[in-house]
Structures are given as C-alpha cells and as structure tokens.
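Based on the provided sequences and hints, a complete structural model is requested.
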Amino acid sequence: MNSMTSGTRAGSRNATSAFDAGGATPVLRVSGLEVTYYTDLGRAKALDDVSFALSAGEKLGMVGESGSGKSTMALAMMRMIKPPGRIEGGSVFIDDTDLMAMTEDEMRQARLSKIAYIPQGAMNSLNPVTRIGAQMVDAIKSHSARQSRSAIEDRCVHALRSVDLDPSVFRMYAHELSGGMKQRVCIAIGILLEPKVIIADEPTSALDVVTQRQVMETIDRVQDQINAAVILIGHDMGLMAQFVDKVAVMYAGRLVEVSAVRDMFTAPNHPYSKALISSLPNLDNKGVFQGIPGLAPSLLRLPSGCAFHPRCEFAMERCSVERPEPQNLEEGRLVTCHLFDEEASQ
Amino acid sequence: MNLKIIVKRLFFLVLVIWAASTIVFFVPRLSSRNAIRERFGELSRTGGFSPADLEKLIASMQQQFGLDKPLLEQYVQYLNQIIHLDFGYSLYKYPSTVTELIAQALPWTIGLLLVTTVLSFIIGTLLGAVSAWPRAPQWMRTFATPFILLTGVPPVIMAILLVFFVGFRLKWLPLGSAYSVGVVPNWSWGFFFDLMSHQILPALSLILGSVGGWVLSMRGMGITIQGEDYVNFAEHKGLTGGRIFRDYYLRNAMLPQVTGLALALGTVVTSAIIVEGLFGLPGIGSLLNLAIRSNDFPTIYGVVLFITIAVAVLMTALEFIYPLLDPRIREN
Chain A
-12 MNSMTSGTRA
-2 GSRNATSAFD
8 AGGATPVLRV
18 SGLEVTYYTD
28 LGRAKALDDV
38 SFALSAGEKL
48 GMVGESGSGK
58 STMALAMMRM
68 IKPPGRIEGG
78 SVFIDDTDLM
88 AMTEDEMRQA
98 RLSKIAYIPQ
108 GAMNSLNPVT
118 RIGAQMVDAI
128 KSHSARQSRS
138 AIEDRCVHAL
148 RSVDLDPSVF
158 RMYAHELSGG
168 MKQRVCIAIG
178 ILLEPKVIIA
188 DEPTSALDVV
198 TQRQVMETID
208 RVQDQINAAV
218 ILIGHDMGLM
228 AQFVDKVAVM
238 YAGRLVEVSA
248 VRDMFTAPNH
258 PYSKALISSL
268 PNLDNKGVFQ
278 GIPGLAPSLL
288 RLPSGCAFHP
298 RCEFAMERCS
308 VERPEPQNLE
318 EGRLVTCHLF
328 DEEASQ
Chain B
3 MNLKIIVKRL
13 FFLVLVIWAA
23 STIVFFVPRL
33 SSRNAIRERF
43 GELSRTGGFS
53 PADLEKLIAS
63 MQQQFGLDKP
73 LLEQYVQYLN
83 QIIHLDFGYS
93 LYKYPSTVTE
103 LIAQALPWTI
113 GLLLVTTVLS
123 FIIGTLLGAV
133 SAWPRAPQWM
143 RTFATPFILL
153 TGVPPVIMAI
163 LLVFFVGFRL
173 KWLPLGSAYS
183 VGVVPNWSWG
193 FFFDLMSHQI
203 LPALSLILGS
213 VGGWVLSMRG
223 MGITIQGEDY
233 VNFAEHKGLT
243 GGRIFRDYYL
253 RNAMLPQVTG
263 LALALGTVVT
273 SAIIVEGLFG
283 LPGIGSLLNL
293 AIRSNDFPTI
303 YGVVLFITIA
313 VAVLMTALEF
323 IYPLLDPRIR
333 EN
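Protein chains in written order, with this note's numbering: chain A, -12 to 333; chain B, 3 to 334.
Treat the hints as calculated values from the structure; they're not laboratory data. These figures come from a predicted structure and were not determined experimentally. Note that CB positions come from ideal geometry on N, CA and C, so glycine has one too. Just to be clear, a hint being listed does not mean it is correct.
[To be verified] Label pairs and their calculated CB-CB ranges:
hint, chain 1, residue 1, chain 2, residue 2, range
1, A, ASP141, B, ASN4, 53 to 63 Å
2, A, LEU270, B, ASN4, 48 to 58 Å
3, A, LYS128, B, LEU326, 16 to 26 Å
4, B, THR226, A, GLU318, 44 to 54 Å
5, A, ASP82, B, THR226, 36 to 46 Å
6, A, GLY29, B, PHE170, 52 to 62 Å
7, A, LEU287, B, THR226, 22 to 32 Å
8, B, ARG330, A, THR26, 28 to 38 Å
[Stated by the list, open to error] A few chain A residues that face chain B, going by a derived Cβ cut-off under 8 Å, partial list only:
hint, residue
9, MET67
10, ARG95
11, ARG98
12, TYR104
13, SER112
14, LEU113
15, PRO115
16, VAL124
17, ALA126
18, HIS130
19, SER131
20, TYR160
21, HIS162
22, LEU164
Next up, the structure:
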C-alpha cells in the first residue's frame, strides 16, 4: 500500500500546489485519497483521488448530493472507514505527519488531539447513561493520563464556556439538554484538545434555523480561538455561503470543483456546480425551481469517462470516453472538467 | 428519586406479599386431606395405638395447631403470624418449627441456585456482548455459539445426561446428595472440597442450560448499541477500545439484561424443586416438595411466603437500583 500511496501522491502534487499560493503554508494536505467499498455487488469507489489543502483558520465547505462521498471523506481522514470499506491509498498530512502512515495506536492518539470530528447526528452522539462531564474527562484522559483531576475539569468547563454553555452542563445528562445544547457539547468535546483540523459533518442538520445559526457562530468563534482549519460538510448551500471561505463540490466520489466562496456563487466553473447553484431558489424568480436532470449515478456502475456527462448540458464527445483530471485555474481554483482543458494548456 | 415514589413502591411490596399470602392460605385448605391424621395414621400402623386414643391425639393436635377454629379466625391468626415472621410448627416434622426448616434449607438453595443464576447472567452477558462487538477477535466471538446451541436442552435432560456420563460412566464426580454419606458437616477443607465436588454437576446443568439465553438477549441488544452514534463518536474521540466497550457499549446494552435478571431470580425456586430433587439436595425446593406431598400446610405457607417475600424484596431493590444504571428514568 505504501508504494501505491506515494504513487498517487506524486500524481496529484500538481493539484495541491495551487493552494499553497494562497499565502500561509497549509496545515492540512490531503492528496490522492482513495476509498473503496467491497460489496457483494462489486467494488464501489466511494472516494477517487481526492486532493486539497487547507490553511489554519480557513473554512472549507464540502457539498454534494447524498452518496457523493462527503462523509466517506471525513471518515477516511479520521481513518475510521469500517469494512467492507478500505482506504486504498493517499495521504493526509497535518503539518508534517501523515495520518495514513501512523500505527493504530498513534492514530487513536491523533484523533481529537490533531484532528477532531463533530458528528452528524449530535442528537444521539452522547452516551445517555453517563454525565456529560464524564464523557469529556475520558476524552482528555485517553490522550494524556498525567493530569490532575481538577486541571482536567477546568479544561472541560473552559471548553463548555467557549461554546456558550453553562458550567453546570458538566454535571448533566444528555437527556436534560436541548438539541442545540447537545450539538454544542459535541463541539466543546471537539475542541477540548485544540486540534489543528476540525471536521464538522452536517453539524446543523437536525436543528431549527435559529439554532443552526447559533451553532455555526459557535463553530466560527471556537475556530478563531484555537486557529484550526475547519471542514464543514453539508447540503445547505445557504448556510455555506454565509460561513465558509472555500467551497468544494463533490460528485460520485471525486472533487469536481474547489473555489473561493464568492467565485463559487457568482461564477461557478464546473457544469455540476453551475447546476447546483442555479437550483437554489432565489428572490428574482420566486416559485421557479430548477433541478438537475437525472439521478446521481450508482458508485457500482459509474458512467464511462466523466461521471457527470449523462446529466451535463455541455457534454462533449470526449466526456463519455476520457476521464477528466483535476486541474488548477487562476486564483487557486480547481476544476475537474474537459471544458477547461484548452484554457489550462494555453 | 423522591420520597413519594419510595413510599409507593414499599406499599406495593406489602400489597404483593399480602395477596400472595392470602392465596397461599386458602389453596391448601381446598384439599380434603388431613395432614395430622395421615401422619398419625402412619405411626399407628407401626406402633400400637387404639383407634380411640388416636382420635383423641389427633383432636388435641388439631387444637394445638388451631385447626378446630373457624377458617376466618385461622386466617386472622395466620396473618398475625406472618407479620411476626413466625410460621409455627411443621406438621410433618413436628416439633421442628418452619423457620428452623427454612433456615436449614436456605444455604443449599442460595449456594446453588442463586450462585448459578448470577454466574450464568455474568458469563452470558459478557459472552453476548463480545459476540456482538465488531472489534472482538473472531475466536472470542465464536465462544458464544455452543452455549446458544445448549439453550435448546431442558435443564432436566441436561442434569440426567451429566449424571449419567460424568457421574455414572466416568465416575469423575459423585452422583448426587449434598455431601458424601457418613461425613459429618464441619469447617474443614476436606469437607469443603467434598461439598464442592457434589455441587459441580448440579451447577453445571443449571449454567450450561441458561447461559445461552443471556447470550442471545445480550447479543441482540449489543448489535443495536454498537451501531449507535455515541459509540462511533467515542471512537472519534480517540478513546481506547476497552473504555468504549465498557462505558459506552456494555453500560447501555446491559440495561434490559438487568430486568431479565430480576425475572430470572423469580423463577429460581421453580428450578430448585426440579434440580434439588434430581440431585438429592436438602434445599428449599426439596423442602417445599416434601411439604406439598405431606400436606404440611404450615411449612407450605412458610416456604411459599418466604419465596414471595424474597422475590418481591429483590424486585423492589432492583427497581431502586435501575435508576442508578439509567439516569433517564430517574425523574418520572
């Protein structure tokens, strides 16, 4: 697997380098990440050569239809892909350490201390039979045993405070908290060890809009405090538009476009991003909804060439034959589409 | 847990004991048999009583046990006895008191039945938990299978098979009885090992048959819990496998098991009657069996009431323990 890893890394170096141009050295560099699920019906490539980089303090929004590989990417970065899934290759560098090259126990230590995951179903993500405090304390203890009880408690209370929760939550049980409070407890747990990278997997999916906003602002604020890179996974383009710096669009396990949020919403490059943006309802033509024709393809039987070509209104002949590779455009944008082939070569 | 709930539970405890004792009082009286007459009839066949003396003797005994009074008066007297936990003399084993008989029999039943029930609960719950835990090694997970197969064998058949093969054919362990014939119970290691060697077969027949049930129920619950978000999040938090298993998975998955344990403790005596009978152990089950066969109703009352009180108290205790295990039911 090692040789494979280095091979894919070399292949996609081109794609990563564009983001370094943004200024600061990226804290997170993902390259050539590949995940395959071995099902009874065949192999499903859930993540295909995904590469991107993120600097400290930056927020990346990850969007795409259900099954496009967003959550798989998050799990792969945490190295929590369960059989029948397998990480086939790629590297995830946080500063100078490759998570994929770590031993099982090193990776366990890295979870939460280097890379934290804030779960999708926060409603059910807390143990119902133990106190919130116990669930924060055990997280710290399993990373650094040599700490006094009171120091650990101070740290937990500090984390609770920074997500706007009362310290009394420490002694409470999950069933005594509202949905928004539970989500904020999960965020507090996520920042306990001040990780370099935080992945928030649809952190607002089960919340009402007011609470959604509060939770997003909480994430915003704690990110500033610990200067972490944040990856925000979600469907809600409106929420993304307000909170992230960059947007990455996934389709059938591939990254089809990465752009700064303003560019993405005003001038999307990839035809799929265009379709996504224009499917958003807007105030100019109320009541008119524009969907994307066709269905997301099954990962087991991907269309030949570009996976999006059957639904693409700009599809050319070569789109159904030749698979497009990710390429860098101006201003650090990345796109995976044949339409930009000449532009890049010029 | 507030005072109102505690008082309510204790009230129900008393209610259950009263209802049980009333039923127990009237049922043996439906029989037309007369234990005293039968007992003395037996004696008169061996000794030489004149029929007139016999009638006088029976009448005086009836009087002593209060059996000549109206039924309702006997019932009131009986309730009074229960309150003082005094069940009077045994008819069959006169002049032993019922309390003495229970005290003699109890250690045997607790030693065997209670211990095996709790042991199979612990073994079965752990095996079931491991068999549903995806990160447990494969060889550990297959451990549960033979026990699941054995649940199909009734304990009686299991006991007979064990006695036949291990005791009779292989002669590894004694066939039955509580300890070797001719040995006087004492506090020595020799007696202890003799005692234990007699308990192994009964214990095995009980454990082998009941572990599988615990395994199955725990496995079912474990499969649900291991997929819960909080177990996943625990792994995301970087906890060690052991801690996730114990605090996140086992703690939650075993909640229904505790209810099951309460129910199982209720049936302890039912299996005691069979197993103690089969292996010739002088426990509560054998005592009850003998009392029923000789229509010795003071002993029946005593044993059944004792069991009822024990089970009811255990259940109530469990109801008080349950909120400690699951904070969600504390408030209501």
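Under 8 Å is the threshold here; is the Cβ of TYR160 (chain A) close enough to any Cβ of chain B for the hint to stand? Holds: closest Cβ of chain B sits about 5 Å from TYR160 (chain A), inside 8 Å.
May I ask you to test the interface hint for SER112 (chain A) with respect to chain B, counting a Cβ-Cβ separation under 8 Å as satisfied? With Cβ-Cβ at 4 Å, under 8 Å, it holds.
With a cut-off of 8 Å on the beta carbons, see whether ARG95 (chain A) makes it to chain B. This interface hint holds because 5 Å falls under the 8 Å limit.
Chain B contact restraint for HIS130 (chain A) - C-beta distance below 8 Å: Result: holds, 6 Å to nearest chain B Cβ.
Report holds or violated for the interface hint on HIS162 (chain A), using the least CB-CB distance to chain B and a cut-off of 8 Å. Hint holds; HIS162 (chain A) Cβ to chain B Cβ min 5 Å, cut 8 Å.
Is the hinted range of 36 to 46 Å satisfied by the C-beta distance from ASP82 (chain A) to THR226 (chain B)? 40 Å, holds
Are LEU287 (chain A) and THR226 (chain B) spaced within 22 to 32 Å by their CB atoms? Holds - the Cβ-Cβ distance for LEU287 (chain A) and THR226 (chain B), about 28 Å, lies within 22 to 32 Å.
Can we keep the MET67 (chain A) interface hint, with Cβ of chain B closer than 8 Å? 6 Å, holds
Is the hinted range of 28 to 38 Å satisfied by the C-beta distance from ARG330 (chain B) to THR26 (chain A)? Hint holds: Cβ distance 37 Å, inside 28 to 38 Å.
Given the hint of 44 to 54 Å, is the C-beta distance from THR226 (chain B) to GLU318 (chain A) inside that range or not? Given about 50 Å between the Cβ atoms, the range holds.
Is the interface hint for ARG98 (chain A) satisfied, with its Cβ closer than 8 Å to some Cβ of chain B? 3 Å, holds
Range hint 16 to 26 Å: satisfied by the CB atoms of LYS128 (chain A) and LEU326 (chain B)? 23 Å, holds
Violated hints, listed in ascending order, are 1, 16, 19 and 22; each of the other numbered hints is respected by the structure.
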